[in-house]
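Asks: Which chain is which? The protein sequence lines are A and B, in order. For the first sequence, the numbering used here gives the first residue as 1, with consecutive numbering after it. For the second sequence, the numbering used here gives the first residue as 1001, with consecutive numbering after it.
Calculated from the structure, these hints are not laboratory results. Every residue, glycine too, gets a C-beta built ideally from N, C-alpha and C. Some hints could be false.
Claimed, not checked - Simulated coverage check for chain A against chain B, where a stretch passes if three residues somewhere in it have a Cβ under 8 Å from a Cβ of chain B: (1) 90-102; (2) 180-190; (3) 217-223; (4) 414-427.
Stated by the list, open to error - Heads up, simulated SDA-like pairs for lysine to any residue below, C-alpha to C-alpha not over 25 Å straight-line: (5) LYS65(A) with PRO1094(B); (6) LYS1323(B) with GLU1445(B); (7) LYS113(A) with ALA1112(B); (8) LYS1200(B) with SER1124(B); (9) LYS65(A) with LYS1226(B); (10) LYS1389(B) with GLU1440(B); (11) LYS1113(B) with GLY85(A); (12) LYS1113(B) with THR66(A); (13) LYS1226(B) with GLU51(A); (14) LYS226(A) with TRP1059(B); (15) LYS113(A) with THR1109(B); (16) LYS139(A) with GLU1042(B); (17) LYS226(A) with ASP1416(B); (18) LYS113(A) with ARG1084(B); (19) LYS1226(B) with SER37(A); (20) LYS200(A) with LYS113(A); (21) LYS1113(B) with GLU51(A); (22) LYS1113(B) with ARG237(A); (23) LYS113(A) with LYS1065(B); (24) LYS226(A) with ARG1254(B); (25) LYS391(A) with GLU328(A); (26) LYS1226(B) with GLU54(A); (27) LYS1226(B) with THR66(A); (28) LYS139(A) with ALA112(A); (29) LYS1065(B) with GLY225(A); (30) LYS1113(B) with THR86(A); (31) LYS389(A) with VAL72(A); (32) LYS226(A) with ALA1061(B); (33) LYS113(A) with ALA1052(B); (34) LYS1226(B) with GLU62(A); (35) LYS1226(B) with LEU67(A); (36) LYS1065(B) with PRO94(A).
Protein chains: 2
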Amino acid sequence: MKSILCSAALLAALVPGVAIAAPEAVSAQDVAWDIVSGLTTEVGQRLAGSEAEERARAWGAEKLKTLGFRNVAVEPFIMRGYVRGTDTARIVSPAPQSLAVTALGYSGTTPAKGIEGELVYFASLDALKAAPAGSLAGKIAFVDHAMRAAQDGAGYGPYGNVRRQGPSIAASKGAIGAIIRSAGTDSHRNPHTGVTTWAKGVAPIPAGAVSLPDAQQIARLVSLGKPIRIALTLTGRTTDNLPSGNVIGELPGRDPSLPPILVGCHLDSWDLGTGAIDDAAGCAIITAAALRAQQGDQTLRTIRVLWAGSEEVGGFGGEAYAKAHGGEPHALAMESDFGADRVWRVQSKLAPANKALGDRIVAALNPLGIVFGAGEADGGTDVGFIIEKQKLAVIDLNQDGTRYFDLHHTPDDTLDKVDPVALAQNVDAWAVVLGIVANEPGRIEPTG
Amino acid sequence: MKSILCSAALLAALVPGVAIAAPEAVSAQDVAWDIVSGLTTEVGQRLAGSEAEERARAWGAEKLKTLGFRNVAVEPFIMRGYVRGTDTARIVSPAPQSLAVTALGYSGTTPAKGIEGELVYFASLDALKAAPAGSLAGKIAFVDHAMRAAQDGAGYGPYGNVRRQGPSIAASKGAIGAIIRSAGTDSHRNPHTGVTTWAKGVAPIPAGAVSLPDAQQIARLVSLGKPIRIALTLTGRTTDNLPSGNVIGELPGRDPSLPPILVGCHLDSWDLGTGAIDDAAGCAIITAAALRAQQGDQTLRTIRVLWAGSEEVGGFGGEAYAKAHGGEPHALAMESDFGADRVWRVQSKLAPANKALGDRIVAALNPLGIVFGAGEADGGTDVGFIIEKQKLAVIDLNQDGTRYFDLHHTPDDTLDKVDPVALAQNVDAWAVVLGIVANEPGRIEPTG
Chain A
1 MKSILCSAAL LAALVPGVAI AAPEAVSAQD VAWDIVSGLT TEVGQRLAGS EAEERARAWG
61 AEKLKTLGFR NVAVEPFIMR GYVRGTDTAR IVSPAPQSLA VTALGYSGTT PAKGIEGELV
121 YFASLDALKA APAGSLAGKI AFVDHAMRAA QDGAGYGPYG NVRRQGPSIA ASKGAIGAII
181 RSAGTDSHRN PHTGVTTWAK GVAPIPAGAV SLPDAQQIAR LVSLGKPIRI ALTLTGRTTD
241 NLPSGNVIGE LPGRDPSLPP ILVGCHLDSW DLGTGAIDDA AGCAIITAAA LRAQQGDQTL
301 RTIRVLWAGS EEVGGFGGEA YAKAHGGEPH ALAMESDFGA DRVWRVQSKL APANKALGDR
361 IVAALNPLGI VFGAGEADGG TDVGFIIEKQ KLAVIDLNQD GTRYFDLHHT PDDTLDKVDP
421 VALAQNVDAW AVVLGIVANE PGRIEPTG
Chain B
1001 MKSILCSAAL LAALVPGVAI AAPEAVSAQD VAWDIVSGLT TEVGQRLAGS EAEERARAWG
1061 AEKLKTLGFR NVAVEPFIMR GYVRGTDTAR IVSPAPQSLA VTALGYSGTT PAKGIEGELV
1121 YFASLDALKA APAGSLAGKI AFVDHAMRAA QDGAGYGPYG NVRRQGPSIA ASKGAIGAII
1181 RSAGTDSHRN PHTGVTTWAK GVAPIPAGAV SLPDAQQIAR LVSLGKPIRI ALTLTGRTTD
1241 NLPSGNVIGE LPGRDPSLPP ILVGCHLDSW DLGTGAIDDA AGCAIITAAA LRAQQGDQTL
1301 RTIRVLWAGS EEVGGFGGEA YAKAHGGEPH ALAMESDFGA DRVWRVQSKL APANKALGDR
1361 IVAALNPLGI VFGAGEADGG TDVGFIIEKQ KLAVIDLNQD GTRYFDLHHT PDDTLDKVDP
1421 VALAQNVDAW AVVLGIVANE PGRIEPTG
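Next comes chain A alone, as it looks inside the complex (with noise of 0.2 Å):
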């Protein structure tokens, strides 16, 4: 462990003007960068489904393939989708302005020349769901919160449930559209799409998401005590039986008979951005400290890598993993999909039984100034079905979120928001783990 803790790449992340020497951690470094970077720029954006999401799987297997990865293999699946389609809205009435908006994945679909109506305004999700039933009949919900950036993320689970819930209430009291303010916490005029969801019986409304500057505006323009007559046109349809896939790729451990070590994070991303923080940086990461941990010597368990498809739309490619290697042993999993900024705390999910394989964690990324969290760890999306199927252990290295739903299913989730200094101290964070998970001789025991 003593060359990953003393390595240049650290020193660079933890002092600042420090520069890089020892090779194996330059090379480190520029295999998270040169990921990241080729992944956004080379493929660009890659909706689940799309033209350009097969291109990334492509790119990413030819990637692992050269950069040592064994048994790299794509596979195939089928899954529903959305696709995209023209997004527009505007104040009809009482001051004529058109509005930064994108539809939400799943979103119902308007004619071309669009839908128009009055705009009825909540508060909240809570002010929405205690509207009358067949209020809001004729009419287009809009949907206010109040969500704020927090270094653990914790808005994104209430806040977004206006996103998630709030068309499908509207839709149930008789709106024709919904809009909600973008579950975000920036200040640009770009928006934050993402999946919306359908309570069962619910026949699915056009739902689309305004940029922060324009869920305040129209905040003010309700102020003004007039009637609001709002246009929306959101074009983009659901469909079934869209191709996707996950690449998965090895890195060979000592003792084949070992149940693996599974890290994942997902290729596909939202299409208005190029997905650098969601989640090309994951994959960056978890590839670069996949490597790192190799790089002495070859580990006692082997490590395999899921770049996962489809985990946007619905985490389609994480359950069919679990679907296709469900029957294979694993014996811990972990995801990187919350940035490239500072790991700041590692939570577990260990058995009583490996304590002391948890304590050596701690104690091990305790120089580079993570924190002990008491929660529990729950991978993420793309390792969560396996996790589920298999009680896997567990173990996540938490991000500062703090201004990653600025970020967050927006045109601004480009490359220039990786910060490469963070980006490197979470591949150390990651090899540090990895190093340690992946010679762990004695039994990594199910979790429940």
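Please build the complex by placing chain B on the supplied structure of chain A, with the hints as guidance.
Replies: Chain B alone, transformed into the frame defined by chain A:
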């Protein structure tokens, strides 16, 4: 002057956390916020020559009357402008992806299905200028640059020329289209629009600007060494005989025989944002300060406000004002058209006989932390024509422009970008200057 220099709004601006108590100061600050908020919300985007700009004139005239201005008038004129159409751009190969683009004002028009061509990369305007004649035949030029933020906005001269001149130079060498890196300093997927100009004898070609992250993406793709094909659709049109107009109003002075002080801003905005910093804030500042200067005793000289139309597309409002009012005497002109961040510097253009007047202004601004600048004041586009025609004295209050070109001409120019504390400091500084020049009994001399 004492009541102004000690105003609570000024204290609030200088000492964060100090509550605002003095009623008259609250009032002036409220006027400024009321104007910038009202114009951007109740009117919204207001492109020169549009129905929205007409609504802005009606809104402005009503607002000035409500605030107690006299001789309020809308002065219509006809001009040539640019009517936006559909703006899209995408990389066709080698890595298909969409780009965030805006047409530049006076761009040529593509067919509805767009144009496509090989992209030729130029790292700078000089590199484009050096391209051989005819070398761009059938191609689309991309012009990159390296504009950086500056307190005095110094980059807008040279790097703004990439926008102003680049497309015409590309056309003169045979290009079928031109794309520039936006003349801006931010890192968001929001391109910066603005006018481009065509040299005599050069037929306009489609000309757009991509956001800065998109420009970086293009540069990275270029570095891969493969030919790049790009598709561009910009269907807007240069249009003659569009209706526009100025709004003027006066706060009469005690001595109507003395030439008035003219203070200007512009009412139109680009259509991507709501023109909060460019230039609703300017109208807010000059108007609130004029009222403040009159709040104690009526000033000696009349203060005339000019809310000009069609500044963005060629300064037509300022030209129309000079034509309509060039026969009337004016004493001195000022303009606010550089956002609403803190005033940090004062510059003047005064005849030698008025040196003492200039010294008094500098001394009065010193307690607000505003430094004297040795450069020559120029007013701005809206008052520039009358300044030139009558060789008027000018005072400039320079705002901090460090973040101005993050927002300038983008969708992000919205109300949330205006800092109320900095806005109040602007009003304070302007009120100090207007309090001096509008009470100057001596002759304010022409400068040339």
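Asks: Are the Cα positions of LYS1323(B) and GLU1445(B) separated by 25 Å at most?
Replies: 21 Å, holds
Asks: Check whether the Cα positions of LYS113(A) and ARG1084(B) lie no farther apart than 25 Å.
Replies: 19 Å, holds
Asks: Sort out whether GLU62(A) lies within 25 Å of LYS1226(B), counting only the CA atoms.
Replies: 18 Å, holds
Asks: Count the residues of the segment 90-102 of chain A whose Cβ falls closer than 8 Å to any Cβ of chain B, and tell me whether that reaches three.
Replies: With 7 residues closer than 8 Å to chain B, the segment 90-102 of chain A meets the three-residue bar; holds.
Asks: For the pair supplied as a hint, LYS389(A) and VAL72(A), confirm whether the alpha-carbon distance does not exceed 25 Å.
Replies: 23 Å, holds
Asks: Holds or violated: are the alpha carbons of LYS65(A) and PRO1094(B) at most 25 Å from each other?
Replies: 21 Å, holds
Asks: Check the hint pairing LYS1226(B) with GLU54(A) against an upper bound of 25 Å on the C-alpha distance.
Replies: 20 Å, holds
Asks: Can the restraint linking LYS139(A) and GLU1042(B) be considered satisfied, given a maximum Cα separation of 25 Å?
Replies: 22 Å, holds
Asks: Counting residues of the segment 414-427 of chain A whose CB is closer than 8 Å to a CB in chain B, do you get three or more?
Replies: holds (count 4)
Asks: Given the hint that LYS1065(B) pairs with GLY225(A), does the C-alpha gap stay at or below 25 Å?
Replies: 23 Å, holds
Asks: When you check the alpha-carbon spacing of LYS139(A) and ALA112(A), does it fall within 25 Å?
Replies: OK: LYS139(A) and ALA112(A) at ~19 Å, within 25 Å.
Asks: Would you check the hint for LYS1113(B) and GLU51(A), treating anything up to 25 Å between C-alpha atoms as holding?
Replies: Holds - the C-alpha atoms of GLU51(A) and LYS1113(B) are around 21 Å apart, at most 25 Å.
Going through the hint list in order, the structure does not satisfy hints 12, 20, 23, 24.
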